[in-house]
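Per this note's numbering, the very first residue in the sequence shown carries number 23; after that it's consecutive.
Warning: the hint list may mix true and false statements.
[To be verified] With a straight-line cut-off of 25 Å between C-alpha atoms, the simulated BS3-like cross-links for lysine-lysine are: (1) Lys87 to Lys97; (2) Lys194 to Lys87; (3) Lys87 to Lys199.
None of these hints come from the bench; they were simulated from the model.
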Amino acid sequence: MGGESSRPKRRMGARRRQLALVVAAVLMLGTLPASTAHGQAFQPQPPADAPTRPSICRPAMAIEKTTGISVDVRKGPTECNAVSLSFDAGADRGYAEQILDTLRDENVPASFGMTGLWAQQNGDLIRRMSDEGHELINHTWDHSSFTGYSAGRPLSVAERRLEIDRTEELLKGMTGKTTRPLFRPPYGDLDRGVLRDVADDGYDYTIMWTIDSFGWNHLRSAGIIDRVMSRAEPGAIILFHVGIESEDALALHTIIGALRERGYLLVTVSDLLGLG
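All chains, please: the whole structure from these sequences, using the hints.
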């Protein structure tokens, strides 16, 4: 009799222990991520990093400004083995989006010579340029020649000031960033009077170029690549255009790759000059 009454008690204890183990397992599964509950190892993912620009070399000595007259810049310092890609935007929307896509994919910062009229008509691209780390150079409001060498008549001091200030006001309102101290003259038309007038308006550096791609002159993309790469040198400022008449955009990816193969750093004009 005593032996028979002890066996049910042992069975009851075993059932309680099994029930407790089941409850504990359920509670543990409830606290784990779903992937772990289904037998997959849980691996926490680090937060995504914000896009970053590559580290850049800055020249030991920045190009110094000159009191009362804007510095005519056609090439930057050579010590960093760097070049700058610059794009003028004053005609149509053209290949601007494709150019920005290429620069983004290649992680290349660039400088855009920007007219006020183009910016007014393409606000989405201006904001994108700013957001993606590119810089804007004041290229006047409507691309009128300040000297009259290439088109029209010479502009007065007041007219020149209006062309620059109107563009600066628009671009600063759109991006929160000033175009000062960088100015690029339409057509490259320049004389000492222009350098003096733009300096008086806070533009200490007038940005010309070392290499003109000639895309604006209907040179085909293969010719653009050959022209740029045959003239590339440390400190070069390369001039491209965004307009539909130019095939600069079609040559851009190849040029970026070829420049990097030669060991060049690709930086904005400000960084090339040590102004950043």
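Hint check results:
1. Lys87 to Lys97: Satisfied, since the Cα-Cα distance of roughly 15 Å is no more than 25 Å.
2. Lys194 to Lys87: Since the Cα atoms of Lys194 and Lys87 sit roughly 23 Å apart, the hinted pair holds (cutoff 25 Å).
3. Lys87 to Lys199: The given pair, whose Cα atoms are some 20 Å apart, holds under the 25 Å limit.
Checked against the numbered hints given earlier, this structure breaks none of them.
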